[in-house]
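Chain by chain, the residues:
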Amino acid sequence: MSSPVRAGPVHGAVRPGGGSLVLRRGAVSVVVRPRALAVGLVLLVLLLLTAAVSLSVGDFPVPLRELVQVLRGAGTGGQEFVVLDVRLPRVLCGLLVGAALGLAGALTQAVARNPLASPDVLGVTAGASAAAVAVIVLGAPLGVGLPVAALAGGLATAAVVFLLAARGGVAGVRLVLVGIGVTAVLQAVISYLLLRADVSQAGAALVWLTGSLSGRGWTQVLIAGVAVGGLLPPALLLTRPVAVLQFGDDTARGLGVRTARLRGAVVLLAVALAALASAAAGPIAFVALAAPQVALRLARTPGLPLTLSALVGALLVAVSDLLARRLLAPTDLPVGVVTAVLGAPFLLWLLARASGGGR
Amino acid sequence: MSRLRAQDLDLAYGGRAVVRGLSVDVPDFQVTVIVGANACGKSTLLRGLSRLLAPQAGRVLLDGRAIDAMRTRDVARTLGLLPQSPTAPEGLTVGDLVGRGRSPHQRWFAQWSESDEQAVVEALRRTGTEELAGRPVDELSGGQRQRVWIAMTLAQGTDLLLLDEPTTFLDLAHQVEVLDLVADLNARDGRTVVMVLHDLNQACRYADHLIAMRDGGVHAQGRPEEVITEQLVREVFGLEARVLPDPVTGTPMVLPLSTRQRRPQPPGLTG
Chain F
967 MSSPVRAGPV HGAVRPGGGS LVLRRGAVSV VVRPRALAVG LVLLVLLLLT AAVSLSVGDF
1027 PVPLRELVQV LRGAGTGGQE FVVLDVRLPR VLCGLLVGAA LGLAGALTQA VARNPLASPD
1087 VLGVTAGASA AAVAVIVLGA PLGVGLPVAA LAGGLATAAV VFLLAARGGV AGVRLVLVGI
1147 GVTAVLQAVI SYLLLRADVS QAGAALVWLT GSLSGRGWTQ VLIAGVAVGG LLPPALLLTR
1207 PVAVLQFGDD TARGLGVRTA RLRGAVVLLA VALAALASAA AGPIAFVALA APQVALRLAR
1267 TPGLPLTLSA LVGALLVAVS DLLARRLLAP TDLPVGVVTA VLGAPFLLWL LARASGGGR
Chain U
105 MSRLRAQDLD LAYGGRAVVR GLSVDVPDFQ VTVIVGANAC GKSTLLRGLS RLLAPQAGRV
165 LLDGRAIDAM RTRDVARTLG LLPQSPTAPE GLTVGDLVGR GRSPHQRWFA QWSESDEQAV
225 VEALRRTGTE ELAGRPVDEL SGGQRQRVWI AMTLAQGTDL LLLDEPTTFL DLAHQVEVLD
285 LVADLNARDG RTVVMVLHDL NQACRYADHL IAMRDGGVHA QGRPEEVITE QLVREVFGLE
345 ARVLPDPVTG TPMVLPLSTR QRRPQPPGLT G
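Which chain is which? The protein sequence lines are F and U, in order. Count along the first sequence starting at 1, add 966, and that's the number in our numbering. Count along the second sequence starting at 1, add 104, and that's the number in our numbering.
To be clear, the hints were calculated from the coordinates, so they are not data collected in a lab. Only a predicted model underlies this, so the values are computations on that prediction, with no experimental measurement involved. Hints may contain errors.
Derived, one-sided and incomplete: chain U residues facing chain F with beta-carbon distance under 7 Å [as the list claims (entries may be wrong)]:
no., residue
1, Y117
2, R120
3, A121
4, M174
5, A180
6, T191
7, L196
8, P208
9, A214
10, Q215
11, S219
Heads up, the beta-carbon is just placed ideally off N, CA and C, and yes, glycines get one too.
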């Protein structure tokens, strides 16, 4: 219908995202955003580098060139113990927990249509924290381990928040207010438990409450691995409807999205991811909040990029834990201290740049 | 024959009945305009017709099928909807926004087909927004923004278009621009249009079929010339008015009477 003269320039301009490439073969077509792809590759390289350095440095340094040998099982006994049994689970746990938190944050922010939303609002981390502190201070009932208790606490609290807020729908202000209320109650419980704990218990509880990867083993790797391996694929299948959901409910429904069902599914995924991440490493601050916004600004995609949010989250936690281990070595800081110190100013800088520079 | 019909429709918000026992057939290939006083249920009716609001009783039929029983995606391929004051994520470009109109036609393995591209190019062209394709939506003027949203609805490629107060917050020139575009979409492309408008004179100019609502029901419907009388304006809006032929189009023109017909002239300025 359009004249050939006109079709030329318009043709390229209407492709999604301006600079995107469209690959087509028959009925199959895929949109590739070169910028997002490049950002993803750079993040992967940085992740590998950070992981390698993390495995290498420490009180017992293993030179980078010997690392490959050790990983293949050809190192000395001492090297294998330090790298494979101590550092590797910690590094993997950090990467997986960071990815889970970044993804949980992106899903929550997309559903809430609010860049300041995070799974914490739903009471997940407060519930996990209260359960974990209870186990630390009161001892484990029925031999339940700390991660299991934290996971159960997180999921149970989210369920309570949903039940109390059920009439307002999962996106409403009601949900946020109920979440804040339940979180406040749980904070009181945590304070009470800390007050009646002895000093060493209280110290351990505080480290857990900050979020720490210290001493994490293969159990925690498994928990975080279940989160990322089991929940990333279904989240990715929802990428396109979630992008439409960011237009608001009426428009999204007009465009054929079953909004209520989708919201429920997305919030459930975010809650499960955050609960599993908390169970593995405690409530690491700021990652779920900052990672999606950082990923969005790096990739300049039209909606929050889910995979890139996971990668940014993984990198944020991996770098933070490396710093946490080495900054005041031999003192091992909780990683949550570093994520907060690193993440907060970075996000503030991004926000200031976005509004000041007129985009 | 009407592709979109409501039968004995009851619609409610949070238990409060807004539309009661309403039946209406939307005439195909025509522009239908819904008018009425504030809170008479006109936007609610549009939400019911577009399946945004599930009926308490009665049903909406789309191509003879109950719209609630249809798949959301199938509805979205037949009926396009522009909600009142829609919002886009910050920084989204016009091209991306209009491209989203294709989502009911897309799958994860078919993300941008040639027909998607053609539909978007055509939607931008029809609304005169090709030059804006690379611009962020939040930088546009009100009139441009409304045209871009209409382009998104057009890209959806539906025969039926439902527009909820498409002229809200626009100045007069942009109101006319948007309404001319809507009229053109009906006249040249044969799309069936249903829209809610506040301005009675604009409704009379652009409607083939006018539905005047009062208290959640249809008070009168038909061609504007048949519907808009001084008595109807009194009954529907509670307003005394004269109805004269519009000197430009010949359609009814409503001139409200006021108890204070003109400002008192300051002394010394007469003549």
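Results of checking the hints against the structure:
With 7 Å as the threshold, the beta carbon of Y117/U stays out of range of chain F, its nearest partner Cβ sitting at about 14 Å, so the hint is violated. The interface hint given for R120/U is broken, as the beta carbon of that residue sits about 16 Å from the closest beta carbon of chain F, more than 7 Å. The beta carbon of A121/U comes no nearer than 19 Å to any beta carbon in chain F, farther than 7 Å, and the hint placing it at the interface is violated. The restraint placing M174/U at the interface with chain F is violated, with a minimum CB-CB distance near 11 Å, outside the 7 Å limit.
For A180/U, the suggested interface contact is upheld, since its CB lies about 3 Å from the closest CB of chain F, less than 7 Å. Of the supplied interface hints, the one on T191/U holds, with its beta-carbon coming within about 6 Å of a beta-carbon of chain F, less than 7 Å. Checking L196/U against chain F: minimum C-beta separation of about 5 Å stays under 7 Å; hint holds. Because the beta carbon of P208/U sits about 4 Å from the nearest beta carbon in chain F, less than 7 Å, this interface hint is met.
With a least beta-carbon distance of about 5 Å to chain F, the hint placing A214/U at the interface is held under the 7 Å criterion. For Q215/U, the suggested interface contact is upheld, since its CB lies about 5 Å from the closest CB of chain F, less than 7 Å. Of the supplied interface hints, the one on S219/U is violated, with its beta-carbon coming no nearer than about 10 Å to a beta-carbon of chain F, more than 7 Å.
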